[in-house]
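Chains as they are written, first to last, in our numbering: chain V, 1 to 76; chain D, 1 to 586.
With a straight-line Cα cutoff of 25 Å, these simulated DSS-like cross-link-like pairs (lysine-lysine) come out:
#1 Lys358/D x Lys538/D
#2 Lys281/D x Lys220/D
#3 Lys542/D x Lys54/V
#4 Lys13/V x Lys282/D
#5 Lys358/D x Lys397/D
#6 Lys281/D x Lys13/V
#7 Lys372/D x Lys393/D
#8 Lys256/D x Lys358/D
#9 Lys372/D x Lys397/D
#10 Lys372/D x Lys358/D
#11 Lys547/D x Lys54/V
#12 Lys393/D x Lys538/D
#13 Lys220/D x Lys13/V
#14 Lys2/V x Lys26/V
#15 Lys256/D x Lys355/D
#16 Lys126/D x Lys114/D
#17 Lys126/D x Lys151/D
#18 Lys527/D x Lys393/D
#19 Lys54/V x Lys2/V
#20 Lys275/D x Lys13/V
#21 Lys256/D x Lys54/V
Read the hints as simulated data drawn from the structure, not as lab findings. Bear in mind the structure is a predicted one, so any value in this text is a computation, not a measurement.
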Amino acid sequence: MKITIRFYGPLDKYGSQLGLYQQEIKSDFTLAQLVEQLGVPYSSLGLVVVNSVKRDVGYRLEENDEVKFFPIIAGG
Amino acid sequence: MSYTGKLLRVNLTTGHSQVEELNKQWAVDYIGGKGLGLKYLYEELAPGVAPLSPDNKLILMTGLFTGTIIPLSGKLAIITKSPATGTILDCSIGGHFAAELKYAGYDAVILEGKASKPSYLYIEDKIVEIRDASELWGQGAQETELILREKINQEVKALAIGPAGENLVTMSCITSEFYRQAGRGGVGAVMGSKNLKAIAVRGSGSISVPNIKQFASSMKEFMQTDILTDTNLWANTDGTALLVDFNQDTGILPTKNFQQGTFDDYQAINSDALKAVRSGKKGCFSCALGCGNYSRTGRSTVEGPEYETLALGGSNCGISDLEAIIEFNDLCDNLGMDTISVGNVIAFAMELTEKGIKDFGLRFGDVEAYLKIPGLIAAQVGIGVDLGLGVKKLSEKYGGSDFAMHVKGLEFPGYEPRGSWGMGLAYATSDRGACHMRAWPVAQEAYGDLDAFTVEGKAQLVIELQHYNAVKFSLILCDFWALSLETMGTIVSNLLERTVTEQELSQVGERVVNLARQFNVREGFTKDNDTLPGRIFKETLKTGATKGQLLPLEEYEKMLAEYYSLRGWDRDGRPTDAKLQELGVN
Numbered sequence: 001m002k003i004t005i006r007f008y009g010p011l012d013k014y015g016s017q018l019g020l021y022q023q024e025i026k027s028d029f030t031l032a033q034l035v036e037q038l039g040v041p042y043s044s045l046g047l048v049v050v051n052s053v054k055r056d057v058g059y060r061l062e063e064n065d066e067v068k069f070f071p072i073i074a075g076g
Numbered sequence: 001m002s003y004t005g006k007l008l009r010v011n012l013t014t015g016h017s018q019v020e021e022l023n024k025q026w027a028v029d030y031i032g033g034k035g036l037g038l039k040y041l042y043e044e045l046a047p048g049v050a051p052l053s054p055d056n057k058l059i060l061m062t063g064l065f066t067g068t069i070i071p072l073s074g075k076l077a078i079i080t081k082s083p084a085t086g087t088i089l090d091c092s093i094g095g096h097f098a099a100e101l102k103y104a105g106y107d108a109v110i111l112e113g114k115a116s117k118p119s120y121l122y123i124e125d126k127i128v129e130i131r132d133a134s135e136l137w138g139q140g141a142q143e144t145e146l147i148l149r150e151k152i153n154q155e156v157k158a159l160a161i162g163p164a165g166e167n168l169v170t171m172s173c174i175t176s177e178f179y180r181q182a183g184r185g186g187v188g189a190v191m192g193s194k195n196l197k198a199i200a201v202r203g204s205g206s207i208s209v210p211n212i213k214q215f216a217s218s219m220k221e222f223m224q225t226d227i228l229t230d231t232n233l234w235a236n237t238d239g240t241a242l243l244v245d246f247n248q249d250t251g252i253l254p255t256k257n258f259q260q261g262t263f264d265d266y267q268a269i270n271s272d273a274l275k276a277v278r279s280g281k282k283g284c285f286s287c288a289l290g291c292g293n294y295s296r297t298g299r300s301t302v303e304g305p306e307y308e309t310l311a312l313g314g315s316n317c318g319i320s321d322l323e324a325i326i327e328f329n330d331l332c333d334n335l336g337m338d339t340i341s342v343g344n345v346i347a348f349a350m351e352l353t354e355k356g357i358k359d360f361g362l363r364f365g366d367v368e369a370y371l372k373i374p375g376l377i378a379a380q381v382g383i384g385v386d387l388g389l390g391v392k393k394l395s396e397k398y399g400g401s402d403f404a405m406h407v408k409g410l411e412f413p414g415y416e417p418r419g420s421w422g423m424g425l426a427y428a429t430s431d432r433g434a435c436h437m438r439a440w441p442v443a444q445e446a447y448g449d450l451d452a453f454t455v456e457g458k459a460q461l462v463i464e465l466q467h468y469n470a471v472k473f474s475l476i477l478c479d480f481w482a483l484s485l486e487t488m489g490t491i492v493s494n495l496l497e498r499t500v501t502e503q504e505l506s507q508v509g510e511r512v513v514n515l516a517r518q519f520n521v522r523e524g525f526t527k528d529n530d531t532l533p534g535r536i537f538k539e540t541l542k543t544g545a546t547k548g549q550l551l552p553l554e555e556y557e558k559m560l561a562e563y564y565s566l567r568g569w570d571r572d573g574r575p576t577d578a579k580l581q582e583l584g585v586n
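Excised from the complex, chain V in its bound form (with noise of 0.2 Å):
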């Protein structure tokens, strides 16, 4: 299935700095597997959305999700 992914910040690289683009996954696919599959390291994720929701990485993807990942940040 397709979903669209887009990473923020210096996590750009792990989509090969591509900003919002698309990939096929199997189905059945869960956040952590993408998270293990694109070889993000969980020190360096700090929020993860699809759709407009915060979702820890136990969340099941669906057909044409949209996955966006946040580095970690300080300050404000």
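Starting from the known structure of chain V, fit chain D onto it as the hints suggest.
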């Protein structure tokens, strides 16, 4: 040792200046920056002093790290009593002024009294002169720096105020290097009240550190392992503008005077939009991150806009025209005003107008009217006289207190507390009014794993974050290095050549927080001031991830009571004698 051990005291009334020994015990107890500046002010300022009277003092305080190659250590703390809130006030400002002051031979400058005419202070090593500033008076903050560079030296480092500070506007800031600000609480008005237009410094000395080879090598290692990493590099790739997307997706982006937590046009004002007009980058002294992003449009060039300006001067005013926000930023910078407070007061006036309470001729999204306001406030003409009062006093004059978004007279920063309940407690208990730099639980609640919509565990979280930030701003380090207390302890230990543990540093943080609280208690602040506007307790948000949320008053009160109890304060929020004794706060 990386202290100079010297403090410069300048009396602007008499023109007399003298060099004093830095109080060594206080430097042990409070380190420097925020903590040490606060200690000096607490000891020297009589209770009840009017913030804009000659009796108030303005303290410039460097820190243990200032002037060294420790990364992100370029900030200066400015401490005074706030004319906006009547509380203690400390701001930090980036650039190169702090290091230059230390190279001139001083850890701190204490400014007292009031000059008889517009003046600026010039410091060059042992030379200390109060000079005539009649040709600078009336100039913008940025023009003032340009003139000083022309007159003195292109390398001179300066702090300056704009017309807003001269006109004693209580949302005026102090500027350095054109685009860096000590923004909040009216520090610019305190300078203006002293007839002090600018402070310019040149230093030819140096700072020594022990075991220089080992020190340099460990800094290089920190750079690779703790700074140029995924955890900090957002500051370089995007800067704070990245927070627009974070906050839109978590429903905490202030919109139309905090009536909503999402903004339909957020993509017009986010980091992606800004990158299209980015024209350069800049870093402060000793900083490899370089969070400063220059933006250039047809009309203006600014360093920024930072997230707070995009939120408070953008979505919160219903403004989605990025060029207009950049112009607003440019106007505020040169006039010398805090974009957070100016954005807030415009949004409040827009809501007062739209609700028919008081017609200021301002409506959400009206770019033309919005861009006129900074000039009117700074010059104190027309509706600028009213708007310059700030949100609190404006609500006292015309009504609307439930949606006057401030704490103790300081306007809200760009994080909606109904989507981060701990942030509500952090605003309410911050020493200078609504502030995101005393504790920022948003990272754990809105972005992290903690439930944002519960008070469970939040009092303890806010306390720990307040201690952490009090240490960081006393060392003094930039907010954007996400280093641990343990790492801070390692660096401090190397500099002082004695072991300073994480626990000891945390206790310094607690001491600073308690001394700030004592200052405010002495000024008459009580539990009643540790609260939030009615909107937060009564109105639910209508959109996004925070739809249907408010912060129930009874839950807030439970969280506040727990906070006082965990702090060892009494039920009215006063530090107990036992707690003060434990911390050595007299």
